[in-house]
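Protein chains in written order, with my numbering: chain B, 604 to 768; chain F, 166 to 644.
It is worth saying that the hints were derived from the structure and are not from the lab.
Any given hint could turn out to be false.
[To be verified] Anything over 12 Å on all C-beta distances counts as not near chain F; from chain B, calculated:
no., residue
1, Val627
2, Ala738
3, Ile749
4, Val752
5, Gly760
6, Ala761
[Unchecked claim] Mimicking DSBU-like on lysine-lysine, the simulated pairs with C-alpha atoms at most 35 Å apart in a straight line are:
no., chain 1, residue 1, chain 2, residue 2
7, B, Lys717, F, Lys196
8, F, Lys428, F, Lys313
9, F, Lys320, F, Lys564
10, F, Lys564, F, Lys313
11, F, Lys564, B, Lys717
12, F, Lys591, F, Lys428
Since the model is a prediction, treat every value here as computed from it, not as a measurement.
Here a beta-carbon is modelled for each residue, glycine too, at the ideal position from N, C-alpha and C.
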Amino acid sequence: MNDPIIAIAFFVLAAVLLISALAVVMLRNIVHSALFLALAFVSVAGFYILLNAEFLAAVQILIYAGAVMILLLFAIMLTQRANTPMSNVSNSQAGLAAIVAAAVFVVLAFVLSKTSWLTGAAAVTQPNTEVLGKALFDYYVLPFEIASVLLLVAMIGAIVIARED
Amino acid sequence: MNLNLLLPEISLCVLAVVLIVIDLLLPQGRKSILGYIALVGLAFPAVFTLSLAGVQQVSFSGALVVDQVSVFFKLLFLIAAALVILSSFDYTRRLSILQGEYYALVLFATSGMMLMASTRELISIYIALEFTSITLYVLAASIRNDAKSSEAGLKYLLLGALSSGALLYGMALTFGLTGSTVLNDIASALAQRGISAAAVLGLVFIAAGFGFKIATVPFHMWAPDVYEGAPTPITAFLSVASKAAGFALVLRVFLTAFEPAEKTWLPLFMVLAAVTMTLGNFVAIRQTNIKRMLAYSSIAHAGYVLTGLAAATAGATSGMLVYLLAYTLTNLGAFIAIIAFSGQVGSDQIEDYNGLSRRAPVVSLGLAICLLSLAGVPPMAGFISKVYLFAAVFDAAAKNSGLYYLVVIALLNSAVSIFYYLRVVKAMYFGPAATEESLHTAFSLRVALSAAVAGVLIVGIYPTPVMQAASVAAQVLFH
């Protein structure tokens, strides 16, 4: 964060992410919420670029801002409701939730600002896609394989829930 | 990398896929054979697990460990899965449940729980936990066209996602402070760098994520609704196997990775244990639905087990293992009896249990034995496991005097719990029956109930082998 341009980029991205995330939760029209979610996904991709993780950034855009968003918008379209402008349901506990969220934020901000984090000594390899691939299929092969079974289960589960007799 | 260590999990996944393929080939009306295949097929993972007994090996870059603890838990999950599958034969036929997928998902969930008991690296732990959870969300919602079951699945999913978020946040903080995701390396980094406030935050978030899995107060809100709405065999599965898998993770993560921070989490778990058992028991008293009553009772039992973690000695850990096994057999027995009754009576209300002992004497006796075991009455397994666990916690009180009070609270709670368990027994044996017509119970349910009750009595009367296995396993976590 010594480079002022990176610092400016970080704060701009952070502002965009926070505002769009809040909009996702607070807007009354569910279509608007979905579009702001796409913006939030894109700004997270921006963070990955700042962190020199260009492969993650590309995946974030492709999968989240691309595939997940399309699915989400389709789901919203297919479950058309009568009153779209008021389609995002909310309840009376918003005030309470705001207080809890604020309290958690204060505690986290206070503690985390006083922490000395462990940072790696070596610089990040550029480009790191190859390193990432090797790590995934070597060091992290167990979680990778469990994740593939998880996807199979998710697919079966979707069929179980959605299938018409 | 040693694939032999993963054979129990792999064989379960293969069996599940085979079931789905056979399901496609079977004509409508012949589907009930799937349950038998699933049950018999469990012999493979059982044999593979038994062949790993006594092995002490780490593999997959430190992500996977096979030791006595994981083998103990894996056998516990297999027992639970076998009884759940056996008690589902009648249930899935009666309600509209897709049998092939249902049994396959039960096997996948068992495989996920086994992985939870065997992983010792944060990313693998998280993925194994999600694997199990996603399977269970679907199973909770698997009764078709049933609003309560869908509600159970949705509630479980939403609150589960929240707890996953907390867990991941805690893991991220821990990684940022220690630079490693392997539990042993986290422990040495924490010991070397000291326990900062951020480490405590990470620990608390991780405890919250696991607390949801084992349903401790204040992360228990999902349990009653999900237990009530889910198919009853799945409720039984959630209340024993999923909870035990959560405890397997709690034991490994806190006794290994956070061992240097013991002074921080001992009081935390002491308070959690006391609050959890007290709230669980007192709210259980007011319940009129037996599934909700057992949900709160299972919260209370999570509190009893947590007393062992608050003591954090090898003896107390071995007590936790014995307690979890006894609780698994007992609670499964109780739920199997409930499945048998609700199939005939069509209700889960306690008032409808009036006079059932005259209509279904054998099943009533089975349920009574299980409820008395849950209450901790000798000679059932619930009694001996309570004595074993609380005595070990009491022994540890020499170095931590707060544990005296914890044991006293636990004993008072056990006394309170007798009240609501006996209320059901009283209704069955002394309540006025609406009719005297005798109830027919499916053969598979009678076999399942007999097996569970036999387990409860055997562990209750001759607990030595279980205790020996548990204390050998517990030693592993305290080198």
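Structure versus earlier hints - violations, ascending order: Per hint list: 2, 3, 4, 5, 6, 7, 8, 9, 10 and 12 violated.
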